[in-house]
Amino acid sequence: MERTTIDLWVGIFVALGVAALLGLAMKVGNLTTSSIGPTYTVTANFENIGGLKPRAPVKSAGVVIGRVGNIKFDPATFEAVVSLNVDKRYAFPKDTFANIYTAGLLGEQYIGLEAGGDEAMLKSGDKITQTQDAVVLEKMISQFLYNKASESKDDKPAAPAASTKATDDALGSNPLDEMTKDGSPKSVAP
Amino acid sequence: MIRSNLLVSLVRTLRNIGHHFSDRIWRLGAGARLFWLTLISSGESFRRFHLTIREVYFTGVLSLIIIIVSAFFVGMVLALQGYNTLQKYGSSEATGVLVALSLVRELGPVVTALLFAGRAGTAITAEIGLMKATEQLSAMEMMAVSPIARVIAPRFWAGVIAMPILAALFSMIGILGGYLVAVPLIGVDSGAFWSQMQANVDWHDDIVNGVIKSVVFGVACTMIALFEGYDAPPTAEGVSRATTRTVVTSSLVVLGLDFVLTSFMITL
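Those protein sequence lines, which keep their order, are chains A and B. With the numbering used here, letter number 74 in the first sequence gets 74, and the count goes up by one each step, no holes. To get the numbering used here, take the position in the second sequence, counting from 1, and add 1000.
So here's chain A without its partners, still in its complex pose (with noise of 0.2 Å):
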């Protein structure tokens, strides 16, 4: 068969266009940055998840360890049933923390893992106990107002002194489990 010039060029332009798809999957895409290899799964219950998303990344001390599998309700303790997919060369004790943190102030959320001290691991189909939901913004704000016309209507003058404290208490521990199980936030001082 007889090679003429067009062949060269439609071969050159197939080249190009392998190259450019190549580039685009190497330099531009995850392929290569999110291959993380064999993985096992764990679930963890959540009352809240916020805005987490199914692929998004599971770290701890900040590298990504795997991705958030499927997101599930569970009709029976209405709480959210969140499987994490995490790398087989990463094992983790079975007093695990997982947390919801978000990435910056308007970022992506990403679920946390703090290891704890226990000395068996965590296998596949296993489930963490100890979570911690996400932080919504709107109820941290509003519980913070509530806080402040609290304090503004006792005139007292230790009353300042023990709502601020109480206000500190429910931003440092977790101010949404004191808020959803008595109905109402603790920080109306005596």
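Derived from the structure by calculation, the hints contain no laboratory data. The reader is advised that the hints may include incorrect statements.
Unchecked claim - For lysine to aspartate or glutamate, the following DMTMM-like pairs were computed, each having C-alpha atoms within a straight-line distance of at most 25 Å:
(1) A:Lys53 to B:Glu1106
(2) A:Lys72 to B:Asp1202
(3) A:Lys59 to B:Asp1205
(4) A:Lys148 to A:Glu138
(5) B:Lys1088 to A:Glu108
(6) A:Lys27 to B:Asp1202
(7) A:Lys53 to B:Glu1093
(8) A:Lys59 to B:Asp1202
(9) A:Lys27 to B:Glu1106
(10) A:Lys72 to B:Asp1205
To be verified - Chain B stretches covered by chain A per the calculated footprint, using a threshold of three residues with CB under 8 Å from any CB of chain A:
(11) 1040-1047
(12) 1162-1175
Just so it is clear, CB atoms sit at the ideal spot from N, CA and C, and this is done for glycine as well.
We have chain A; now place chain B onto it with these hints.
Just chain B now, with coordinates in the frame of chain A:
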């Protein structure tokens, strides 16, 4: 008298509208039939692959210059505009993400298809229209050579092959253009530019979907160009009108299809 005149003009208007409408439906059906005939007689264009390669040269290789130059400028403009807005929010490093996502998802496939319709689609329509006007297609039929297998199918497959390649090149060169403006010219950090891009552009959701879009646009643009040429009245005016219609119809179909495909791909 006046009433009957009014009635006559009303009836004529109605008839014109109906004629126009039924003509469109007729052309849609004829186009679909040509598409089907092209598909079932494409065996020929693969057995004699040099015919297809020749058409890839004319539709793809010769479109390279316009694609590369416009991609370069589109990328540079995206980087300038994106940086201008993003730096107000203190996130000028996201310029790379903005350029890459808008090119890979939308502008790459769509602008390539629009340029392809203008550069290669018109050439296909004019060529086939003139072949028909000079009775070359009838001559082929007389020699028991199917013009659909010999002329239409190779051009169709050449368009379908060339479009994704051109779109991938468009995206890549656009990103390089954006890089040139953002990093050496404006001074965005080079590492942040690429790493933010890699963190936010997904292989399947963004790049593969862009390639799927460009394949669909390739089928649509090439088929419209082929049909307009094949259907053109065999006169100079007919061919010129068909060429115009190719550009108008291809552009509208590409933009409409883009919305439909995007709504399928973005799962809310």
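Hints and how they fare:
Between the alpha carbons of Lys53 of chain A and Glu1106 of chain B the distance comes to roughly 23 Å, so the proposed pair stays at or under 25 Å and holds. For the hint pairing Lys72 of chain A with Asp1202 of chain B, the CA-to-CA distance comes to about 23 Å; that is within 25 Å, so the pair holds. Restraint check for Lys59 of chain A and Asp1205 of chain B: satisfied, since their Cα atoms lie roughly 22 Å apart, inside the 25 Å limit. Taking the CA atoms of Lys148 of chain A and Glu138 of chain A, the gap is about 15 Å. The hint holds against a cut of 25 Å.
Taking the CA atoms of Lys1088 of chain B and Glu108 of chain A, the gap is near 20 Å; set against the 25 Å cutoff, the hint holds. The hinted pair formed by Lys27 of chain A and Asp1202 of chain B meets the criterion: a straight-line CA distance of about 12 Å does not exceed 25 Å. With a CA separation close to 24 Å, the supplied pair Lys53 of chain A and Glu1093 of chain B stays within the 25 Å bound. A hinted pair counts as satisfied when its Cα atoms are at most 25 Å apart, and Lys59 of chain A with Asp1202 of chain B qualifies at roughly 18 Å.
Among the hinted pairs, Lys27 of chain A with Glu1106 of chain B is consistent with the structure: their alpha-carbon atoms are about 19 Å apart, no more than 25 Å. For the given pair, Lys72 of chain A sits about 22 Å from Asp1205 of chain B by alpha-carbon distance, which is consistent with the 25 Å threshold. Residue count for the segment 1040-1047 of chain B with a Cβ under 8 Å from a Cβ of chain A: 0. That is fewer than the three needed, and the coverage hint is violated. Residues of the segment 1162-1175 of chain B with a Cβ under 8 Å from some Cβ of chain A number 10, which satisfies the need for three, so the listed coverage holds.
Of the numbered hints given earlier, the model fails hint 11 alone.
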